[in-house]
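Undergrad: Once you've looked at the hints, go ahead and assemble the two chains, each given alone in its own frame, into the complex.
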Amino acid sequence: GENVEQHPSTLSVQEGDSAVIKCTYSDSASNYFPWYKQELGKRPQLIIDIRSNVGEKKDQRIAVTLNKTAKHFSLHITETQPEDSAVYFCAASRMRFGAGTRLTVKP
Amino acid sequence: EAQVTQNPRYLITVTGKKLTVTCSQNMNHEYMSWYRQDPGLGLRQIYYSMNVEVTDKGDVPEGYKVSRKEKRNFPLILESPSPNQTSLYFCASSFSGTGRQPQHFGDGTRLSIL
Chain A
1 GENVEQHPST LSVQEGDSAV IKCTYSDSAS NYFPWYKQEL GKRPQLIIDI RSNVGEKKDQ
61 RIAVTLNKTA KHFSLHITET QPEDSAVYFC AASRMRFGAG TRLTVKP
Chain B
1001 EAQVTQNPRY LITVTGKKLT VTCSQNMNHE YMSWYRQDPG LGLRQIYYSM NVEVTDKGDV
1061 PEGYKVSRKE KRNFPLILES PSPNQTSLYF CASSFSGTGR QPQHFGDGTR LSIL
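So the protein sequences, as listed, match chains A and B.
Just so we're aligned, residue 1 is where the first sequence starts under our numbering, counting upward by one.
Just so we're aligned, residue 1001 is where the second sequence starts under our numbering, counting upward by one.
Pulled out of the complex, with its shape left as it was, chain B reads as follows (with noise of 0.2 Å):
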């Protein structure tokens, strides 16, 4: 079955300790991103990637890291998370970044930074 595959799916922690949410898809997409969700802000995007080696800041990258060691794994890392970034996170993927193909989400991962 063609998906996106995000963990955890829930996940409460303590302020400065490192985090990472796997994301995972099996359809060879070339194009992945990271979005994050909160109430009246719709979907801002963190990071994408267009390929393997190739990552650029989204919209809000602030506090976020990412990598794209492999086309299927695009893995999230918080390095010192804050309160403020407890929201819902959504990892996409589409075959490719021209920006012309629908995008394909995960279930999504709640964080809660304490």
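Excised from the complex, chain A in its bound form (with noise of 0.2 Å):
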């Protein structure tokens, strides 16, 4: 079956600078990349997601690159502010999600 690995587990950056989340998956059959955020106390909510056609998507400040030969794809996010720290999630097709990355972003 699916195997999802994410990396890292935590992370922590300055405000203003950029977050990196990558994620790797082992079933070449997978063709749909979503990411979500859960902030504390709350649900998994989708911020971005990537098909296999496809291989950079992007919306304001954050974006999602896969690269399907090496089975992996990231999440990227510019100009970190306080309100994106939360707990990322990637997940490929048959929703087998990874560990997840707890990111803090310092004022």
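No false leads were slipped in.
Lysine to any residue pairs mimicking SDA-like chemistry, simulated, CA-CA at most 25 Å apart:
#1 57(A) / 1100(B)
#2 71(A) / 1041(B)
#3 106(A) / 15(A)
#4 68(A) / 19(A)
#5 37(A) / 1007(B)
#6 37(A) / 1045(B)
#7 22(A) / 1041(B)
#8 37(A) / 65(A)
#9 42(A) / 1084(B)
#10 22(A) / 1059(B)
#11 37(A) / 1098(B)
These are computed hints drawn from the structure, not numbers from a lab.
TA: See below:
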């Protein structure tokens, strides 16, 4: 079955810096890669996703890149703000999730 | 408003006392699933359902049951809860089970089994 590994498990950055979270997957048939943000005490919510026919997708300060050959995809957050502090989860196709990354943005 | 509704939000109970966590979605989604979230382990899938009367095991199904008699409802049943089932549970739904659509999560149910 699908295996999704996510790194790092924790990430601390200064406000205004960039943050990058990386996930690798094992099933080459996977073709959909969403990212979810979970604020403290709340439910995970989709922030961006990418399909396998696209290499990169951007939405304001957030971008996702996909390397199908290497089977990895990454979340990039630029100009981080304190409200970006949360746990971020990646997932692959049939909703196997990574273990999560706790991002802390220090003011 | 499109949403996934779970009840209860919080429950403290004792070992062996059967309990049911309800989940309902109003988006006419075919696919529904249950996850448990534990520190450091992320979201692990317990059971999922591709459509009415179709359910299947996820990664951690032991000790849980589900049913899908109606499209909108997907209850999670713990027949004989044990302390290792203390966790935060999320129900989720998506338009289909192809794995190519995002999931919509409920607000979560925090279960404590004493």
